[in-house]
Each structure stands twice: as structure tokens, then as C-alpha cells.
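> Each chain is listed here by its residues.
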Amino acid sequence: MISVDHLSKRYGAHPAVNDVSFTCGPGTVTGFLGPNGAGKSTTMRMICGLTAPTSGTATIDGRPYQRLANPGRRIGVLLDASAQHAGRTGREILTLAAMTQGLDRRRVDESLDRVGLNNTAAKRRVKAYSLGMRQRLGLAYALLGDPGILILDEPANGLDPEGIFWMRGLLRDFADRGGTVLLSSHLLREVEAVADRLVVIGGGRVVAQGDKDELLAASGTVVRALDMAGLDAVLTRAGLTAVTSADGSVVVQADAETIGRAAAQAALVLLELRPAGSGGLEQMFLTLTAGDSVKEAVR
Amino acid sequence: MTAVQSPQTVPADVAGPGPGERAGKISMVTLTRVELRKLADTRSGFWMLVVIGLAGAATAAIMLLAAPGEEQAFQPLLAFALLPASVLLPVLGILSMTSEWSQRTALTTFTLVPERGRVILAKLLACVLIAVAATVAAAALSAVANLIAIGIGGDGSWHLTADQAGRLLLNQVVFVLMGTAFGALLMNSPLAIVLFFAIPTAWTVLSSLVKWLATAAEWIDINMTSTPLSQPDMSAGEWARLAVSAAVWILLPLVAGTVRVLRREVN
Numbered sequence: 001m002i003s004v005d006h007l008s009k010r011y012g013a014h015p016a017v018n019d020v021s022f023t024c025g026p027g028t029v030t031g032f033l034g035p036n037g038a039g040k041s042t043t044m045r046m047i048c049g050l051t052a053p054t055s056g057t058a059t060i061d062g063r064p065y066q067r068l069a070n071p072g073r074r075i076g077v078l079l080d081a082s083a084q085h086a087g088r089t090g091r092e093i094l095t096l097a098a099m100t101q102g103l104d105r106r107r108v109d110e111s112l113d114r115v116g117l118n119n120t121a122a123k124r125r126v127k128a129y130s131l132g133m134r135q136r137l138g139l140a141y142a143l144l145g146d147p148g149i150l151i152l153d154e155p156a157n158g159l160d161p162e163g164i165f166w167m168r169g170l171l172r173d174f175a176d177r178g179g180t181v182l183l184s185s186h187l188l189r190e191v192e193a194v195a196d197r198l199v200v201i202g203g204g205r206v207v208a209q210g211d212k213d214e215l216l217a218a219s220g221t222v223v224r225a226l227d228m229a230g231l232d233a234v235l236t237r238a239g240l241t242a243v244t245s246a247d248g249s250v251v252v253q254a255d256a257e258t259i260g261r262a263a264a265q266a267a268l269v270l271l272e273l274r275p276a277g278s279g280g281l282e283q284m285f286l287t288l289t290a291g292d293s294v295k296e297a298v299r
Numbered sequence: 001m002t003a004v005q006s007p008q009t010v011p012a013d014v015a016g017p018g019p020g021e022r023a024g025k026i027s028m029v030t031l032t033r034v035e036l037r038k039l040a041d042t043r044s045g046f047w048m049l050v051v052i053g054l055a056g057a058a059t060a061a062i063m064l065l066a067a068p069g070e071e072q073a074f075q076p077l078l079a080f081a082l083l084p085a086s087v088l089l090p091v092l093g094i095l096s097m098t099s100e101w102s103q104r105t106a107l108t109t110f111t112l113v114p115e116r117g118r119v120i121l122a123k124l125l126a127c128v129l130i131a132v133a134a135t136v137a138a139a140a141l142s143a144v145a146n147l148i149a150i151g152i153g154g155d156g157s158w159h160l161t162a163d164q165a166g167r168l169l170l171n172q173v174v175f176v177l178m179g180t181a182f183g184a185l186l187m188n189s190p191l192a193i194v195l196f197f198a199i200p201t202a203w204t205v206l207s208s209l210v211k212w213l214a215t216a217a218e219w220i221d222i223n224m225t226s227t228p229l230s231q232p233d234m235s236a237g238e239w240a241r242l243a244v245s246a247a248v249w250i251l252l253p254l255v256a257g258t259v260r261v262l263r264r265e266v267n
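In order, the protein sequence lines correspond to chains A and B.
1 is the number of the first residue of the first sequence in UniProt numbering; add one for each residue after it.
1 is the number of the first residue of the second sequence in UniProt numbering; add one for each residue after it.
It is possible that some hints are incorrect.
Simulated restraints, written as ranges between beta carbons of each label pair [to be verified]:
| id | chain 1 | residue 1 | chain 2 | residue 2 | range |
| --- | --- | --- | --- | --- | --- |
| 1 | B | Thr227 | A | Arg63 | 48 to 58 Å |
| 2 | A | Thr54 | B | Leu83 | 28 to 38 Å |
| 3 | A | Arg124 | B | Ala247 | 28 to 38 Å |
Distance condition first, Cα-Cα at most 25 Å in a straight line; then the derived SDA-like pairs of lysine to any residue [what the hints assert, rightly or not]:
| id | chain 1 | residue 1 | chain 2 | residue 2 |
| --- | --- | --- | --- | --- |
| 4 | B | Lys25 | A | Asn70 |
| 5 | B | Lys211 | A | Lys123 |
| 6 | A | Lys127 | B | Lys25 |
| 7 | A | Lys123 | B | Lys25 |
| 8 | A | Lys127 | B | Leu262 |
| 9 | A | Lys123 | B | Arg104 |
| 10 | A | Lys127 | B | Pro190 |
| 11 | B | Lys25 | B | Leu262 |
| 12 | A | Lys127 | B | Leu36 |
| 13 | A | Lys123 | B | Leu262 |
| 14 | A | Lys123 | B | Ala214 |
If you're looking for bench data, these hints aren't it; they were derived computationally from the structure.
Don't be surprised by glycine CBs; every beta carbon is placed ideally from N, CA and C.
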């Protein structure tokens with residue numbers, strides 16, 4: 001169980017994370033979504049006690065991370081796959097972690113097997129690893145202590161499509177056995193396939209969170225009319241907000257019936273009227289966060 | 001919980017989360033063993049130790065070939081054999097602290113051991129143990145060299161008091177801890193290594209130019225105050241000067257460095 005309670009982090013005047021709260025329960029995969037610079041990594045580092053929060057708390061099974069006696073046995077963390085000594089071999093890195101956690105050395109080989117790193121790869125220095133291999137090693141490192149919780153920051157980076165598919169299976173399996181997973185990404189589609197819950201963050205704030213299916217259902221309706229200008233006028237009159245998509249249709253935050261009736265009254269011909277699904281969530285995600293991400297880039 | 005097993009994933013015995021609370025606090029012995037291993041498991045660390053060993057052997061050869069016969073005895077042989085270690089072990093100590101930041105391993109180190117102070121302590125203990133091991137190895141090497149000295153007509157005396165042996169060991173410990181303290185404070189390998197060697201030299205140069213600095217240097221220049229550690233005898237005044245300089249060059253940077261490590265954001 002991960003509990004994040006009103007967590008904030010300021011760097012000078014800049015709020016990197018602003019009053020973020022969410023929980024991740026056993027048996028679930030939580031997708032932590034946001035564009036680059038939204039505060040995902042900072043939040044995760046605060047959960048792991050690597051960055052001191054300005055205010056708020058984060059706990060693992062009710063205790064702050066720093067209070068965990070042997071954290072590796074309870075929570076597996078992969079924050080940056082490249083943050084390993086380039087001169088150590090994959091096996092050596094895992095051996096050091098196994099020694100630290102007081103684990104049997106056999107777990108090193110089991111862990112390597114589990115993430116698909118063979119003996120040749122394990123004997124090579126990390127310097128020679130591709131990003132995909134580093135992610136696999138990082139996952140082996142996180143899983144080494146047989147923890148009940150996983151925190152992974154952009155673990156799909158650098159993995160090939162087959163690797164991403166494999167990782168989804170591994171995480172789904174982990175959660176189905178009662179594990180808790182918090183998984184960040186800047187791509188909705190990447191986590192959509194595996195997450196049960198979503199926490200969407202933009203500009204340091206949580207902009208949406210909840211059950212994935214509910215969020216997808218609540219993400220609006222796609223509408224396309226023969227006369228788009230007429231539709232726009234009707235929607236404005238009805239007090240509904242519409243966001244124009246790249247393909248010319250609009251996403252409206254209302255159900256199909258409301259929109260259909262409004263259009264019928266104005267005698268508009270509709271060409272398309274359907275739930276937006278993940279496309280709508282992505283649209284919302286972009287709208288809610290685009291401004292911040294642009295600011296981030298210019299700042 | 002349902003255990004859904006897909007063939008793409010993993011054998012059941014290793015997959016999946018286990019029970020929550022297990023395993024107590026990680027012991028200091030474990031942490032020290034890990035840090036000892038980390039000193040030698042990279043190419044730079046490994047070769048540093050090899051070079052210290054080879055250089056120690058070279059000092060013995062030089063003594064046997066070039067030194068006057070009366071200096072070919074166990075004590076002078078050992079003091080000379082420890083010279084390379086006293087220069088190079090501190091670099092190992094520096095790297096032990098700085099590589100966590102330059103190689104960004106602090107991220108994984110401190111997620112497995114969130115009490116950063118214990119990691120620092122483990123590093124200090126590991127460095128002290130390496131200094132002890134280097135001294136013991138040098139003693140073994142010097143014993144062999146002394147046997148050869150007897151064979152080729154040198155002095156070959158085995159005279160070494162416990163006090164002398166202890167001081168030779170302390171000399172190693174002082175410099176390796178100084179390196180570690182510099183590493184903790186500066187968190188940057190090249191900077192820490194350059195300053196470690198440059199500052200004492202700068203002291204020596206400056207104190208020879210500025211008069212009042214010369215008096216201060218007698219108490220602060222650790223290269224000067226530690227010299228008696230390798231000599232046959234050491235006076236109480238010399239001990240006091242060593243203590244003062246050690247406080248300045250070891251304690252001070254170590255305390256400041258520990259504060260820095262405890263506070264620093266890891267990313």
C-alpha cells in the first residue's frame with residue numbers, strides 16, 4: 001500500500017509538485033501519467049525518501065520509507081535504469097543488492113532469468129548495455145528482494161515492442177498475485193493496457209484520478225456534424241464545452257443523449273456521435289497539461 | 001488472490017510478491033562487507049589495489065638494491081613499503097564516496113539503505129579495514145624482503161616495537177580517512193583528488209613564503225605532522241600536533257560532508 005498525502009515540493013518559487021494525494025492498493029496497477037516535467041519523478045523520489053518534501057507525507061504500508069528496516073524486501077524501486085556504476089557487471093550489481101538485503105545469492109540468477117538477461121549479458125559491464133537491457137536489469141534489481149510493492153519510473157523506455165508486452169505481462173501477473181504497482185509514463189497508451197487505476201498529473205497537480213474504466217467513460221463524446229459551425233453554436237447555447245480534435249471532430253464533456261437532443265432541436269445532421277474512450281482521455285490529458293508542458297520547456 | 005500464470009511470464013516460485021514484513025534492520029557488518037566489495041569490484045578499484053601491491057614490492061626491491069646495509073632492516077623496509085599505500089589508498093577512499101554521485105549509484109544505494117549516515121559509516125569502516133589489510137600485506141612483503149636482506153649481508157634486524165607498528169598503521173588510517181572525508185565533502189572525483197593532493201602541497205609552499213603561516217603549518221600541515229608516525233619515536237608534542245591537524249583535515253570535512261550527504265537530493 002502506497003499512500004501519498006498532500007505532497008508538495010518547491011524549488012525556489014517553482015512548485016514542482018503541488019498538493020498531490022493518491023493511494024495505490026494491493027492487487028492493482030496504478031498508472032501515473034503526465035507529460036515530461038509534470039512532477040512524476042519528483043513525486044516518486046519523495047515516496048522513496050530520496051527527495052525531502054516541502055510539505056505533505058508519503059508512506060509505504062503506513063510507514064515513511066526511511067523507517068523501513070530493509071526496504072528492498074518490501075518495495076522494489078526502479079527510478080532510473082541508467083543510474084548504475086558503468087564499470088560493474090550486471091551480475092555484480094545484483095550480487096551487491098542481494099548481499100545488502102541478506103538474500104541467498106541464488107536469487108541473483110533467478111532474477112536475471114526472470115527478466116531475460118542471459119549469462120553472457122550478466123557478465124558484461126553495464127557500460128555495454130543498451131537502454132532496454134538496463135531497464136531489464138533495473139527490473140531484476142527491483143524484484144530481487146521479492147517485494148510486495150513496485151515503483152517504476154518510465155520502465156518501458158528503451159524496451160522494444162516485445163519487451164513492453166513482456167513487461168506488461170509481468171506487472172499484471174505481479175498485481176494479480178496481490179502486489180501493488182505504481183508505474184509512471186508520459187504515454188497514455190503505454191499504461192492503458194496494464195493499469196487498473198490512473199493518476200494524471202500536470203504542472204505538479206493531480207488533474208484526474210480514478211478507475212481507468214470510469215475515467216475512460218467520463219472522457220466525453222466525440223461529435224461530428226455536417227455543419228460544424230452550427231454545432232458549435234448549439235453547444236455554446238447549451239453551455240457545453242467542446243474541444244476540437246485534429247481530425248475536425250469535437251470532444252464534448254457530455255453524454256451522447258444530451259448532445260443528440262440539442263442537435264435534433266437545431267435540426268443539425270450528425271455524422272458521428274460516440275464515446276471518446278482513450279482518445280478522449282488523451283485529448284483531456286493534452287488539454288489539461290499542454291500549457292504547463294510548454295511553460296516547462298520555456299522556463 | 002488469484003494466481004494467473006501466463007506462459008510468457010515466469011516460473012511461479014520466483015514470481016509474485018511474497019509476505020510483507022521480513023528481515024530486520026540491515027546490520028553494520030553487512031553494510032561494511034558490501035562497501036568493501038564495492039572498493040574492489042570495478043576496474044579502477046581493482047587496479048588501484050594491484051598497483052598498491054606492485055608498488056609495495058617495488059619499494060622492497062629498491063631498498064634491497066640501493067639502500068645502505070644498516071637500513072635494510074624490518075622497520076625501515078616496512079615504513080618504505082607503506083609509502084605507495086599511503087598515497088593511493090586515500091584515492092580509493094575518495095572514489096568510494098564520490099562514485100556514488102558521479103556514477104549515480106546513490107540512487108540505488110540509498111533506496112536499499114535509506115539511513116544514509118549508516119552507509120557513510122560503513123564506507124569509513126571499509127576504508128579502515130583496507131588500510132589494515134594493506135599494512136598487514138606490506139608487513140608480510142617486508143618480512144620476505146628482510147630475509148633476503150639477511151641473505152645479501154644487510155642489517156636484517158627484526159626490531160619493531162608495538163608502538164612503531166601501531167603508528168605505521170595509524171598513518172595509513174589517517175590518510176585513507178582524510179581521503180574519504182574529502183570525497184564526502186566534495187562529491188566530485190577529480191575535484192576531490194586534485195584538492196587532496198594540492199592543498200597540503202600548497203600549504204608547504206605558502207608556509208615557506210609567509211612567516212606566520214610557517215608556525216601555523218607546524219600544527220595544521222598534516223604532511224608535516226604525520227611524518228613522526230613513520231619515525232622510530234614520537235613525542236607528546238608531536239601527537240598533539242597530529243591531533244590538531246587531523247581534526248582540521250579529517251574531522252571537519254567529514255562532519256561537513258556527512259551533513260551534505262544527508263541533505264542532498266538524490267536524482
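> Could you tell me whether the CB distance from Arg124/A to Ala247/B stays inside 28 to 38 Å?
violated (45 Å)
> Does the hinted range 28 to 38 Å hold for Thr54/A and Leu83/B at CB?
violated (51 Å)
> Assess, step by step, whether the Cα of Lys127/A is no farther than 25 Å from the Cα of Lys25/B, and give holds or violated.
violated (32 Å)
> Is the straight-line distance between the alpha-carbon of Lys123/A and that of Ala214/B 25 Å or less?
Distance ~54 Å between Lys123/A and Ala214/B Cα, so the pair is violated.
> Given the proposed pairing of Lys123/A with Arg104/B, does the C-alpha separation stay at or below 25 Å?
This hinted pair holds, its Cα atoms lying about 21 Å apart.
> Sort out whether Leu262/B lies within 25 Å of Lys123/A, counting only the CA atoms.
With a Cα-Cα distance of about 33 Å, the restraint between Lys123/A and Leu262/B is violated, given a limit of 25 Å.
> Would you check the hint for Lys127/A and Pro190/B, treating anything up to 25 Å between C-alpha atoms as holding?
holds (20 Å)
> Against the 25 Å threshold, does the CA-CA distance of Lys25/B and Asn70/A hold or violate the hint?
holds (6 Å)
> Between Thr227/B and Arg63/A, is the Cβ distance one that fits in 48 to 58 Å?
holds (52 Å)
> Does Lys123/A sit within 25 Å of Lys211/B, going by the straight-line distance between their CA atoms?
Violated, because 58 Å separates the two Cα atoms, which is more than 25 Å.
> Verify the proposed pairing of Lys127/A with Leu36/B, using a straight-line Cα cut of 25 Å.
holds (22 Å)
> What's the verdict on Lys127/A and Leu262/B, does the C-alpha distance respect the 25 Å limit or exceed it?
Violated: Lys127/A and Leu262/B sit about 28 Å apart, past 25 Å.
The structure fails hints 2, 3, 5, 6, 7, 8, 13 and 14 (numbered hints given earlier, in ascending order).
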